[in-house]
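So the sequence lines, in the order shown, correspond to chains W and U.
Take the first sequence: its letter number 180 is residue 180 in the numbering used here, and every next letter is one higher.
Take the second sequence: its letter number 5 is residue 5 in the numbering used here, and every next letter is one higher.
Hints may be right or wrong, so weigh each one.
Unchecked claim - In silico PhoX-like cross-links for lysine-lysine, where the CA-CA straight-line distance does not exceed 20 Å:
id, chain 1, residue 1, chain 2, residue 2
1, W, Lys667, U, Lys322
2, W, Lys667, U, Lys324
3, W, Lys671, U, Lys324
4, W, Lys639, W, Lys553
5, U, Lys299, W, Lys591
6, W, Lys197, W, Lys117
7, W, Lys535, W, Lys582
Hints listed in this document are in silico derivations from the structure and should not be mistaken for laboratory results.
Just so you know, these numbers come straight off a predicted model, no measurement behind them.
In case you want the letters, here they are:
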Amino acid sequence: MLKSKMLVAWKCAVIFFLAGPVVQAGVNSNGYVVDSTPNWVVERPYDTSGSAMNAQAVQYLLVDQQHRLLSKVGKRPSQYFYRFAMRLLNRAGLSSNSQLEISFNPAYQTLHLHSLKIIRNGVARELASSVYVRMVQQEEQLSLDIHDGVVTAVLIPEDIRVGDIIDYSYTIEGRNPIFGAKYFGASRLDFSAPVDKLGLRILTDSKKFKFQSVGVELEPEQHRFQGLTEYTLLRNDVPKVIDDGETSPEYSPFSWIDYSEYTNWKAVNEWAAELYAGVGFDSEEVVALSRKLRRQSNSWEDYITQALFFVQNEIRYLGLELGENSHRPRAPTEVLNKRYGDCKDKSLLLATLLKLQGIQAWPALVSTNSRYGITRGLPSPGAFDHVITLVEFRGKRYWLDGTRMYQAGGLADLGYSDYGFALVVGHRDASLQQMYPEPPLASRVDIIEEIIATNFNEPVILKVKSEYHRNAAEVQRYQFQNLSLDAINRNFLEYYGRFYDGIKAVELPSYEDDTTGNRFTIHEVYQIDDFWNKKDSLIYNKVYNLSYIQVLKTPKVQQRTTPYRLGSPRQITSIFQLHYPKDVTLNLEEKPITIEHPALRYVYQDQFEDDVYTHTSSLVLKQKDVALTDLDKYLLSLKEIRKDWEYTLTVVNPESVPGYSDLQKLKARLKVISGIDYE
Amino acid sequence: MSSTQVLKKLLVIAVTAGLLVGCASNQTVNTEPDSQSVSQASEQNSTSDLETICNVIAYDLGESDHQSLYEKVDSDIILSRILDTFDEDSFSNQEFQKFKQRLDGLIRSKIILRSDKVRWDVVRSGVVNDRYTCLVRSSLLGGGVSYVEFELRNVDGRLRIVDWNDLVREVRMTDMFSELFHDIYEMADAHIMAMPYQVTTVVKQQKRYFEYLAAIRSGDPNQMLVAYDKLPLRFKNKPLYALALLNYITDMDDPRYYKVLSNIKKRFGGTGRYDFLLIDYYLLTHEYDSAKSSLDRFKKRIGEDPLLDLLLAELDNKQGNKQKFYAKCLQVMNNNPNYLDTYWYVFDQLVADGYYDDAVLVLNVLANLFEYTFYDDAFESDVKYREFTKSTAFKGWKAGSG
Numbered sequence: 001m002l003k004s005k006m007l008v009a010w011k012c013a014v015i016f017f018l019a020g021p022v023v024q025a026g027v028n029s030n031g032y033v034v035d036s037t038p039n040w041v042v043e044r045p046y047d048t049s050g051s052a053m054n055a056q057a058v059q060y061l062l063v064d065q066q067h068r069l070l071s072k073v074g075k076r077p078s079q080y081f082y083r084f085a086m087r088l089l090n091r092a093g094l095s096s097n098s099q100l101e102i103s104f105n106p107a108y109q110t111l112h113l114h115s116l117k118i119i120r121n122g123v124a125r126e127l128a129s130s131v132y133v134r135m136v137q138q139e140e141q142l143s144l145d146i147h148d149g150v151v152t153a154v155l156i157p158e159d160i161r162v163g164d165i166i167d168y169s170y171t172i173e174g175r176n177p178i179f180g181a182k183y184f185g186a187s188r189l190d191f192s193a194p195v196d197k198l199g200l201r202i203l204t205d206s207k208k209f210k211f212q213s214v215g216v217e218l219e220p221e222q223h224r225f226q227g228l229t230e231y232t233l234l235r236n237d238v239p240k241v242i243d244d245g246e247t248s249p250e251y252s253p254f255s256w257i258d259y260s261e262y263t264n265w266k267a268v269n270e271w272a273a274e275l276y277a278g279v280g281f282d283s284e285e286v287v288a289l290s291r292k293l294r295r296q297s298n299s300w301e302d303y304i305t306q307a308l309f310f311v312q313n314e315i316r317y318l319g320l321e322l323g324e325n326s327h328r329p330r331a332p333t334e335v336l337n338k339r340y341g342d343c344k345d346k347s348l349l350l351a352t353l354l355k356l357q358g359i360q361a362w363p364a365l366v367s368t369n370s371r372y373g374i375t376r377g378l379p380s381p382g383a384f385d386h387v388i389t390l391v392e393f394r395g396k397r398y399w400l401d402g403t404r405m406y407q408a409g410g411l412a413d414l415g416y417s418d419y420g421f422a423l424v425v426g427h428r429d430a431s432l433q434q435m436y437p438e439p440p441l442a443s444r445v446d447i448i449e450e451i452i453a454t455n456f457n458e459p460v461i462l463k464v465k466s467e468y469h470r471n472a473a474e475v476q477r478y479q480f481q482n483l484s485l486d487a488i489n490r491n492f493l494e495y496y497g498r499f500y501d502g503i504k505a506v507e508l509p510s511y512e513d514d515t516t517g518n519r520f521t522i523h524e525v526y527q528i529d530d531f532w533n534k535k536d537s538l539i540y541n542k543v544y545n546l547s548y549i550q551v552l553k554t555p556k557v558q559q560r561t562t563p564y565r566l567g568s569p570r571q572i573t574s575i576f577q578l579h580y581p582k583d584v585t586l587n588l589e590e591k592p593i594t595i596e597h598p599a600l601r602y603v604y605q606d607q608f609e610d611d612v613y614t615h616t617s618s619l620v621l622k623q624k625d626v627a628l629t630d631l632d633k634y635l636l637s638l639k640e641i642r643k644d645w646e647y648t649l650t651v652v653n654p655e656s657v658p659g660y661s662d663l664q665k666l667k668a669r670l671k672v673i674s675g676i677d678y679e
Numbered sequence: 001m002s003s004t005q006v007l008k009k010l011l012v013i014a015v016t017a018g019l020l021v022g023c024a025s026n027q028t029v030n031t032e033p034d035s036q037s038v039s040q041a042s043e044q045n046s047t048s049d050l051e052t053i054c055n056v057i058a059y060d061l062g063e064s065d066h067q068s069l070y071e072k073v074d075s076d077i078i079l080s081r082i083l084d085t086f087d088e089d090s091f092s093n094q095e096f097q098k099f100k101q102r103l104d105g106l107i108r109s110k111i112i113l114r115s116d117k118v119r120w121d122v123v124r125s126g127v128v129n130d131r132y133t134c135l136v137r138s139s140l141l142g143g144g145v146s147y148v149e150f151e152l153r154n155v156d157g158r159l160r161i162v163d164w165n166d167l168v169r170e171v172r173m174t175d176m177f178s179e180l181f182h183d184i185y186e187m188a189d190a191h192i193m194a195m196p197y198q199v200t201t202v203v204k205q206q207k208r209y210f211e212y213l214a215a216i217r218s219g220d221p222n223q224m225l226v227a228y229d230k231l232p233l234r235f236k237n238k239p240l241y242a243l244a245l246l247n248y249i250t251d252m253d254d255p256r257y258y259k260v261l262s263n264i265k266k267r268f269g270g271t272g273r274y275d276f277l278l279i280d281y282y283l284l285t286h287e288y289d290s291a292k293s294s295l296d297r298f299k300k301r302i303g304e305d306p307l308l309d310l311l312l313a314e315l316d317n318k319q320g321n322k323q324k325f326y327a328k329c330l331q332v333m334n335n336n337p338n339y340l341d342t343y344w345y346v347f348d349q350l351v352a353d354g355y356y357d358d359a360v361l362v363l364n365v366l367a368n369l370f371e372y373t374f375y376d377d378a379f380e381s382d383v384k385y386r387e388f389t390k391s392t393a394f395k396g397w398k399a400g401s402g
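When you get a sec, could you build the whole thing from the sequences and use the hints?
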């Protein structure tokens with residue numbers, strides 16, 4: 001994954017400061033010094049007598065950030081100064097702050113610890129020189145096969161008690177050289193805990209700095225200081241932000257301020273284009289591969305997907321994002337030879353393979369975190385954390401991702417992720433482009449559940465056929481390639497067991513993987529021992545419509561301040577059939593019922609014919625978010641829809657009704673007389 | 001008790017003043033209210049029991065109970081609707097009171113035209129804003145079919161009938177009365193208003209017009225036919241008078257029934273109206289495709305209804321496709337198992353086709369499942385069951401049921 005290291009570094013510091021310690025790994029003591037606070041830093045006093053009423057475990061007294069960002073040659077490298085002061089209010093606060101963590105990248109950064117004070121009853125102890133420090137290479141993204149070289153200094157001060165104030169400050173010096181002389185960054189303006197005082201100060205020799213606050217309207221003050229331009233912003237009594245959760249990034253309730261020397265997205269595109277320029281076309285291996293894939297494919301469209309699947313499946317995902325390689329892709333020939341690469345490597349290799357055959361393709365930078373929210377901030381390289389590939393083919397645009405696995409089918413069948421906007425490197429449209437102005441279906445699932453009963457006294461058989469398309473097919477393909485059938489069977493049984501008593505698998509699940517149409521079909525067969533319930537002359541059973549439970553959920557927070565995220569456009573259809581053992585009478589309202597909401601459409605219908613009860617239903621998610629104004633209606637719709645997810649069917653026990661057998665005989669005779677097969 | 005090959009003549013029953021017609025049923029079990037629910041409804045009549053009052057209306061229609069039905073009518077609202085169509089100075093106060101009394105009396109006495117007992121069922125009821133509706137229809141087996149939508153209003157906390165719409169004849173009662181009285185009023189003064197050179201003609205037209213009204217009052221179909229022929233052309237061109245004639249003519253022989261229907265088709269058939277009325281015409285002329293199209297269009301207006309499905313089945317039967325007939329009846333049976341007309345309809349056809357064992361199955365279903373009570377010699381007295389009653393199957397059933 002491509003990362004803005006500088007941004008990540010300071011964000012991590014704040015996040016740890018607010019969230020507490022994380023897991024440790026190996027040790028590396030490079031790049032750490034203890035020295036005094038630089039003279040350009042302005043000391044910010046804070047009030048220790050303020051009320052901690054709104055705080056919980058920790059009272060955050062001061063969060064101060066001061067950056068010295070010089071672009072002229074010969075000046076000192078950029079410096080990022082941080083100071084945090086917090087009072088530990090109880091044991092939970094003590095526990096979560098017993099060690100302090102500061103992340104930086106020794107490849108191009110140095111950590112300067114200036115001060116670590118423990119203040120108890122107004123008396124301060126300075127521990128900067130004596131504190132035990134462990135250098136830990138956490139490689140937080142190792143599980144994602146990303147090696148980024150980031151190191152965390154873990155400071156473990158002794159004798160901290162409840163009521164103490166911890167006040168520490170440090171500077172991270174240096175910045176990833178890949179970003180050149182133009183500066184950008186972002187500072188959070190509020191957190192999920194209240195902060196008594198929050199400061200941001202930027203000193204720079206640049207005249208091009210722009211600021212943009214998001215979520216709150218704030219403008220930094222501008223002064224002169226030591227011959228530099230000084231931007232300052234100070235907030236007191238910053239209230240905590242209540243995050244509803246389940247919200248798309250563009251509706252994040254948190255505030256921050258962006259600063260950037262990039263005047264527009266085109267300038268960012270030009271920066272990226274330099275990194276991707278001039279690599280790939282002179283490699284014989286890549287050309288040979290392109291020819292081989294072309295020979296194997298039966299159409300140009302097939303060639304595109306063959307190239308994509310080669311990059312996805314034959315090039316192992318591994319991100320060695322050390323130093324400049326955080327953002328600069330490796331040459332396709334190198335990626336091909338080593339058979340590994342990260343998102344930008346794969347994107348460039350795929351674009352190269354396609355271009356070699358005359359198909360227009362470009363790497364495209366996207367943000368998996370901000371998505372549609374990317375337009376809220378200022379243009380900067382730090383806005384992106386992932387690279388995919390844009391292909392323009394026969395008047396259509398396809399956003400392909402070389403890092404996805406388990407994809408299959410033609411171009412029209414592929415699943416996708418909607419990252420909102422992309423910056424297509426070197427494209428004629430150098431600005432941000434919306435990936436899917438009208439997002440297509442990301443997933444489709446068709447489920448048929450059939451319950452077959454031979455009589456009212458025996459167990460019934462439940463047969464389930466589930467057909468998955470697009471993203472849903474990829475998820476199932478992943479599951480069946482990574483888990484044993486036994487494990488999958490256990491998972492399925494566990495799921496159905498929550499609804500049906502006495503259910504057991506008749507056989508292990510089986511599947512068909514149609515890789516030409518990206519369709520994954522699963523077959524399951526169960527036996528349910530206790531399906532029928534009897535009371536007097538009635539027989540009844542519960543019907544569970546399980547197809548939507550995982551998709552349509554009640555928001556955890558219903559009194560919301562932000563829209564509720566539904567997810568990508570999806571369609572699910574479900575057919576439930578109950579084959580009654582003998583002729584029964586079921587009186588149903590057979591009219592289709594539609595529940596329409598701006599964000600979704602749910603339709604269901606009951607039918608009963610030839611002793612088979614059929615319930616058909618379908619759900620279409622039309623929008624990825626439920627607007628706040630539609631939320632009440634959504635909850636009402638959901639309530640209404642949920643009635644269709646669990647209900648009881650009741651029939652009269654034929655054996656207990658006089659004349660019933662005569663009716664069945666009559667119907668049987670009418671079938672014969674009428675030729676049975678009349679529809 | 002039994003079906004009467006209904007499609008020969010669908011339309012018989014009129015509900016008011018010669019123009020509301022009826023005969024139909026519903027998919028619900030037995031919508032006839034029992035005495036308890038009737039008395040409760042009479043006492044309550046609140047806005048909350050629309051369904052109950054609809055059942056009571058259907059019950060009153062079935063019992064041809066003029067008085068009971070009239071008690072549910074708010075004649076003031078009906079009268080005001082009709083009188084609103086007249087100019088204020090059309091009547092002196094005395095004339096107005098007299099006119100109102102006559103109209104009230106007419107509604108009271110003619111709210112149900114036929115006195116035959118035919119089952120009426122509620123098809124559906126509904127509320128939109130302050131407007132309550134009950135769609136009722138007569139039983140298929142009563143010798144005719146009608147769909148009537150009653151409009152009710154909440155008057156002082158009680159639901160009162162304020163109008164009704166004959167969906168088969170496509171006429172609203174208040175509109176019909178308005179038109180009729182406008183014509184009467186106009187014709188009564190026509191000789192005064194006429195120019196001297198027109199007087200002779202006008203008087204002649206007056207005579208013929210009022211002779212027709214007298215013929216309607218007489219209830220004599222022959223007299224009505226003669227009077228209708230002599231009606232001035234401008235009245236013949238109004239559906240009102242042709243439909244009035246039809247109310248009384250359905251019991252007559254096919255040629256005269258055909259004549260009346262032909263007249264309606266010729267004069268009004270091209271207007272896209274009277275689909276249901278003209279089904280009989282198409283049956284008499286063996287134009288089954290046209291009959292089916294008309295029925296399908298009517299079904300679209302009314303919605304799902306087992307009676308209409310049975311009529312569609314009967315159309316297949318008429319065309320000799322018995323398999324389709326039985327299959328469709330089976331479908332109706334499956335979808336509306338409690339709609340008894342289906343069983344009788346199937347029974348008659350099974351008897352006609354000589355499937356006596358199967359016909360007995362139907363009788364068993366009716367007796368055991370629906371607890372239907374058969375009267376002595378119920379079948380022996382009807383000529384169409386003569387052969388059936390001689391069969392072993394029937395005799396066995398009779399011995400068992402006895």
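Hint-by-hint comparison with the structure:
1. Lys667(W) - Lys322(U): Given pair Lys667(W), Lys322(U) holds - Cα atoms ~15 Å apart, limit 20 Å.
2. Lys667(W) - Lys324(U): Given pair Lys667(W), Lys324(U) holds - Cα atoms ~14 Å apart, limit 20 Å.
3. Lys671(W) - Lys324(U): Holds, at roughly 10 Å.
4. Lys639(W) - Lys553(W): holds, 10 Å
5. Lys299(U) - Lys591(W): Holds, at roughly 15 Å.
6. Lys197(W) - Lys117(W): This hinted pair holds, its Cα atoms lying about 18 Å apart.
7. Lys535(W) - Lys582(W): Answer holds: Lys535(W) to Lys582(W) is near 18 Å, not above 20 Å.
In this structure, none of the earlier numbered hints is contradicted; all agree with it.
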